[in-house]
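Q: Chain order of the listed sequences is A and B.
Residue numbers are given in the UniProt record's numbering: position 117 of the first sequence equals residue 117, and the series is strictly consecutive.
Residue numbers are given in the UniProt record's numbering: position 248 of the second sequence equals residue 248, and the series is strictly consecutive.
Worth flagging that the hints you see were computed from the coordinates, not collected in a lab.
Think of the CB as a built atom: it goes at the ideal place given N, C-alpha and C, for glycine as much as any other residue.
Among these hints, one or two may not hold up.
Quick list of in silico lysine to any residue cross-link-like pairs, SDA-like style, CA-CA up to 20 Å [as the list claims (entries may be wrong)]:
#1 B:K55 <-> B:G44
#2 B:K235 <-> A:R316
#3 B:K137 <-> B:A184
#4 B:K87 <-> A:R267
#5 B:K137 <-> A:S142
#6 A:K321 <-> A:D456
#7 B:K87 <-> A:G273
#8 A:K375 <-> A:R406
#9 B:K235 <-> A:L244
#10 A:K214 <-> A:L244
#11 A:K174 <-> B:A184
#12 B:K271 <-> B:E232
#13 A:K405 <-> A:E374
#14 B:K271 <-> A:R235
Far from chain A, by Cβ distances over 12 Å, these chain B residues were calculated [stated by the list, open to error]:
#15 G37
#16 L65
#17 R116
#18 R123
#19 I157
#20 P211
#21 V243
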Amino acid sequence: MGLLERHAAFVRALRAAGMPVSVAEGLDAARAIGVVDLAERETLREAYAATLVKRPAHRPAFDALFDLWFPPVTGAASAVPPREDGPDAASADVPELRRRLAGFVVDGAAAAGDPEFTRFVRAMVERFGRQPAGPGRQAWFSYSVLRALSPGTLMAGMLGDVLGGQERGGMAEKVARRRLEDGLAAFEDAVASDVRRRIAEDSGIEKIARAAVKPPPDQVDFLRVTKADLAALRREVYPLARRLATRLTMKHKLGRRGRLDFRRTVRASLGTGGVPLATPMRPRRPHKPELVVLCDASDSVSAFSHFTLLLTYALREQFAKVRAFAFVDTVDEITRFFAPGADVVDAITRMTREADITRFGRSDYGRAFERFAEKYGDAIGPKTSLLILGDARSNYQPPALATLKRLAGEARHAYWLNPEPRAQWDTGDSVATPYGGVVEMIECRNLTQLAAFIEDL
Amino acid sequence: MASWFSSPAEARERLAGVGYLAGDGVATPVFLAAALGKPLLAEGPAGVGKTQLAKAVAAVTGAELIRLQCYEGLDEARALYEWNYKKQLLRIQASGGQGWDETHDDIFSEEFLLERPLLRAIRRAEPTVLLIDEIDKADVEVEGLLLEILSDYQVTIPELGTITAVTRPYVVLTSNATRELSEALKRRCLYLHLDYPSPERERDIVLAQVPGIEAALAEKLARTVAALRALELKKSPSIAETVDWARTLLALGSADLDERTTAGTLGVVLKHASDQARAAKELGLAAG
Chain A
1 MGLLERHAAF VRALRAAGMP VSVAEGLDAA RAIGVVDLAE RETLREAYAA TLVKRPAHRP
61 AFDALFDLWF PPVTGAASAV PPREDGPDAA SADVPELRRR LAGFVVDGAA AAGDPEFTRF
121 VRAMVERFGR QPAGPGRQAW FSYSVLRALS PGTLMAGMLG DVLGGQERGG MAEKVARRRL
181 EDGLAAFEDA VASDVRRRIA EDSGIEKIAR AAVKPPPDQV DFLRVTKADL AALRREVYPL
241 ARRLATRLTM KHKLGRRGRL DFRRTVRASL GTGGVPLATP MRPRRPHKPE LVVLCDASDS
301 VSAFSHFTLL LTYALREQFA KVRAFAFVDT VDEITRFFAP GADVVDAITR MTREADITRF
361 GRSDYGRAFE RFAEKYGDAI GPKTSLLILG DARSNYQPPA LATLKRLAGE ARHAYWLNPE
421 PRAQWDTGDS VATPYGGVVE MIECRNLTQL AAFIEDL
Chain B
1 MASWFSSPAE ARERLAGVGY LAGDGVATPV FLAAALGKPL LAEGPAGVGK TQLAKAVAAV
61 TGAELIRLQC YEGLDEARAL YEWNYKKQLL RIQASGGQGW DETHDDIFSE EFLLERPLLR
121 AIRRAEPTVL LIDEIDKADV EVEGLLLEIL SDYQVTIPEL GTITAVTRPY VVLTSNATRE
181 LSEALKRRCL YLHLDYPSPE RERDIVLAQV PGIEAALAEK LARTVAALRA LELKKSPSIA
241 ETVDWARTLL ALGSADLDER TTAGTLGVVL KHASDQARAA KELGLAAG
């Protein structure tokens with residue numbers, strides 16, 4: 001494959017992975033690789049990144065694809081002479097290898113880009129990553145490498161090394177642990193990346209490219225989040241809230257009609273010899289809805305409802321008043337856990353521990369609505385927007401449609417955000433359509449959809 | 001366009017010469033922006049050295065830095081050019097019996113044009129670095145205004161015609177990403193995402209910025225700040241704040257960063273009460 005074809009195929013792969021690369025940007029990239037030194041792989045990577053990747057969220061996917069299309073030269077690293085202080089990585093026993101890995105992590109070899117470390121990772125994948133997959137074929141796996149070396153269990157020993165004689169449990173340990181964790185994660189990433197490279201060599205780049213790319217955090221499905229995703233999502237809360245808030249304020253200001261702003265008109269007319277050519281209007285009074293959030297806190301949708309709650313609270317300034325209620329099969333007010341300035345993670349832990357929302361532990365929407373109307377019916381008034389978060393899976397209990405209809409009727413607006421894909425509504429115990437007939441139901445599977453909804457609110 | 005840098009490695013070396021420590025990820029776009037003659041859009045959290053980058057580029061190349069600070073309500077008259085209407089009025093009054101056609105041609109000439117930063121950067125013949133700071137603070141319309149300048153390095157003034165740059169300025173735009181910039185703008189720029197540096201680089205920055213600090217203390221400081229950034233905080237400490245912290249420790253005469261010193265000086269890097277409480281809990285500091 002020539003350089004030009006490789007470039008074109010790489011751009012195509014980026015587009016296939018959902019990155020908006022325009023033709024002009026592709027040309028810029030081609031021009032950029034014309035002026036940089038192609039032998040410098042990291043320079044080439046950054047040249048591509050600067051011209052093609054314009055959103056930080058796309059960078060991990062870009063890096064994974066770049067490693068596939070422009071793999072490192074394997075010869076260079078193996079040309080480094082093996083270390084003197086022990087047997088070769090291909091023959092050493094596992095405790096020796098673990099000792100060596102710990103040494104790399106403690107020295108921070110991965111961050112420093114030590115070629116010795118790269119060589120070690122390759123040797124480990126070569127030795128442990130190969131699994132037979134049918135006659136005459138082989139497959140590569142990173143989990144078998146990690147199982148053989150079990151890097152997770154190295155932590156205690158490494159901490160002892162780093163801290164020396166210092167006491168445990170203090171700040172020094174926390175800081176050191178953080179560094180070692182990063183080192184171990186770098187090792188795991190390096191193994192995964194080398195495994196991908198080998199698979200690509202065996203069976204072609206296109207085949208692996210699709211599997212190698214994870215969606216950016218704002219496209220991750222709420223119902224399929226892993227623990228790491230959830231942390232990444234929480235990290236997005238404040239930037240996202242800030243962006244949304246700016247956009248919402250901007251929308252408010254864009255009023256062409258309204259009352260004349262006399263002072264600014266006269267001031268602007270001075271620039272045109274006293275003739276009022278520009279006539280600015282007073283900004284319109286912002287519409288601030290009162291918000292009542294009613295969210296399903298059962299395990300099946302907890303990631304979704306927690307996240308949405310966090311976002312509404314981060315956006316508190318955009319609403320005159322926010323009250324939040326959670327339910328599984330009975331309902332409790334949880335507003336108190338989200339006091340201004342409260343810590344995000346704390347609020348969630350306290351909510352799950354202290355709020356009285358569970359009786360039998362299976363969601364029962366009908367009962368929750370009945371109890372809500374009974375205990376907190378006065379929370380909803382003509383200025384309130386009611387927001388229900390949940391998958392509408394009520395374990396075949398009576399849905400209490402009449403109660404919900406009454407609640408929705410009293411509120412100014414009522415919306416239901418459902419984290420399930422529309423295709424799965426009404427399957428099994430879902431009562432999406434009956435509820436959807438009473439309250440407008442909106443599919444909300446990822447951050448992008450959630451942001452779009454809040455903007456329209 | 002005059003060659004500003006000959007290679008990414010050279011760009012990195014020269015930037016390091018004025019105390020700006022750039023990695024591969026920064027040096028390459030900085031070099032490309034000059035080599036391809038395209039504007040450089042630097043985006044990232046507050047306090048990671050976006051504005052400083054433009055200043056460093058100006059310093060190493062000996063170019064003049066022209067800065068346009070963006071804010072809400074910034075308009076053409078303050079960014080690009082304005083007619084000096086007071087002078088025009090005087091000219092009309094002074095013209096007396098002169099015919100209107102002559103006067104008209106007269107008052108829309110160079111003499112009555114007030115240059116604003118963008119036009120000034122375009123018209124300068126000497127090397128120039130144009131810094132458009134915090135573009136995300138300006139209204140969306142300003143982005144539209146910038147498009148002609150950024151792609152063709154020219155400005156169209158209806159009465160005078162199109163003014164094209166004699167020497168292309170080196171353009172740096174910065175943004176804190178408080179809002180998404182338009183695709184049209186991003187497409188015309190090289191994109192540089194500046195993020196918090198690795199502990200190793202941050203240590204070097206502290207060593208470069210704070211003379212007299214012990215290497216071991218700088219190392220410890222950088223590691224602690226990295227641990228703080230890993231927590232889920234409302235506002236992570238910026239590089240500038242790390243440097244402030246180093247200065248604080250130096251002023252206090254602390255040779256070591258232990259639990260007690262950290263608890264006492266945490267306010268230098270964390271500026272939300274809830275962030276401080278969280279850090280104290282996670283790092284095992286005594287409250288207060």
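Q: Indicate, hint by hint, whether the structure satisfies it.
A: Evaluated hints:
1. Only pairs whose Cα atoms come within 20 Å are accepted, and K55 of chain B paired with G44 of chain B is accepted, the gap being roughly 17 Å.
2. For the proposed pair K235 of chain B and R316 of chain A, the alpha carbon gap of about 18 Å is at most 20 Å, so the pair holds.
3. Taken as a hint, the K137 of chain B and A184 of chain B pair is honoured in the structure, with Cα atoms around 17 Å apart against an allowance of 20 Å.
4. Note on K87 of chain B and R267 of chain A: the hinted pairing holds, with a Cα-Cα distance of about 19 Å set against a maximum of 20 Å.
5. Distance restraint check for K137 of chain B and S142 of chain A: the Cα-Cα separation of roughly 45 Å exceeds the 20 Å cut-off, and the hinted pair is therefore not satisfied.
6. Straight-line distance between C-alpha atoms of K321 of chain A and D456 of chain A comes to about 18 Å, which keeps the hinted pair within the 20 Å bound.
7. Simply put, K87 of chain B and G273 of chain A have alpha-carbon atoms about 12 Å apart, close enough for the 20 Å limit, and the pair holds.
8. Of the supplied pair hints, the one linking K375 of chain A and R406 of chain A holds, its CA atoms being roughly 15 Å apart against a limit of 20 Å.
9. Distance check on the hinted pair: K235 of chain B and L244 of chain A sit about 17 Å apart at the alpha-carbon level, within 20 Å; holds.
10. At most 20 Å may separate the alpha-carbon atoms for a hinted pair to count; K214 of chain A and L244 of chain A exceed this at roughly 25 Å.
11. Under the criterion of a C-alpha separation no larger than 20 Å, the hint pairing K174 of chain A with A184 of chain B is inconsistent with the structure, at around 45 Å.
12. At roughly 14 Å between alpha-carbon atoms, K271 of chain B and E232 of chain B fall within 20 Å of each other, so this suggested pair holds.
13. Of the pairs offered as hints, the one joining K405 of chain A and E374 of chain A holds, with about 14 Å between alpha carbons and a cut-off of 20 Å not exceeded.
14. Between the alpha carbons of K271 of chain B and R235 of chain A the distance comes to roughly 18 Å, so the proposed pair stays at or under 20 Å and holds.
15. At the 12 Å boundary, the C-beta of G37 of chain B falls inside the reach of chain A, the nearest C-beta of that chain being 10 Å off.
16. Every CB of chain A is more than 12 Å from the CB of L65 of chain B (nearest about 22 Å), matching its label as outside the interface.
17. With a least beta-carbon separation of about 14 Å from chain A, R116 of chain B lies farther than 12 Å from that chain, consistent with its non-interface assignment.
18. Chain A leaves R123 of chain B outside its interface by the beta-carbon criterion, the shortest separation being 23 Å against a cut-off of 12 Å.
19. For I157 of chain B, the shortest C-beta to C-beta distance to chain A comes to about 17 Å, beyond the 12 Å cut-off, and the non-interface label holds.
20. Every beta carbon of chain A lies more than 12 Å from that of P211 of chain B, the smallest distance being close to 25 Å; the non-interface claim holds.
21. Distance to chain A confirms V243 of chain B as a non-interface residue, since its nearest Cβ pair spans about 19 Å, more than 12 Å.
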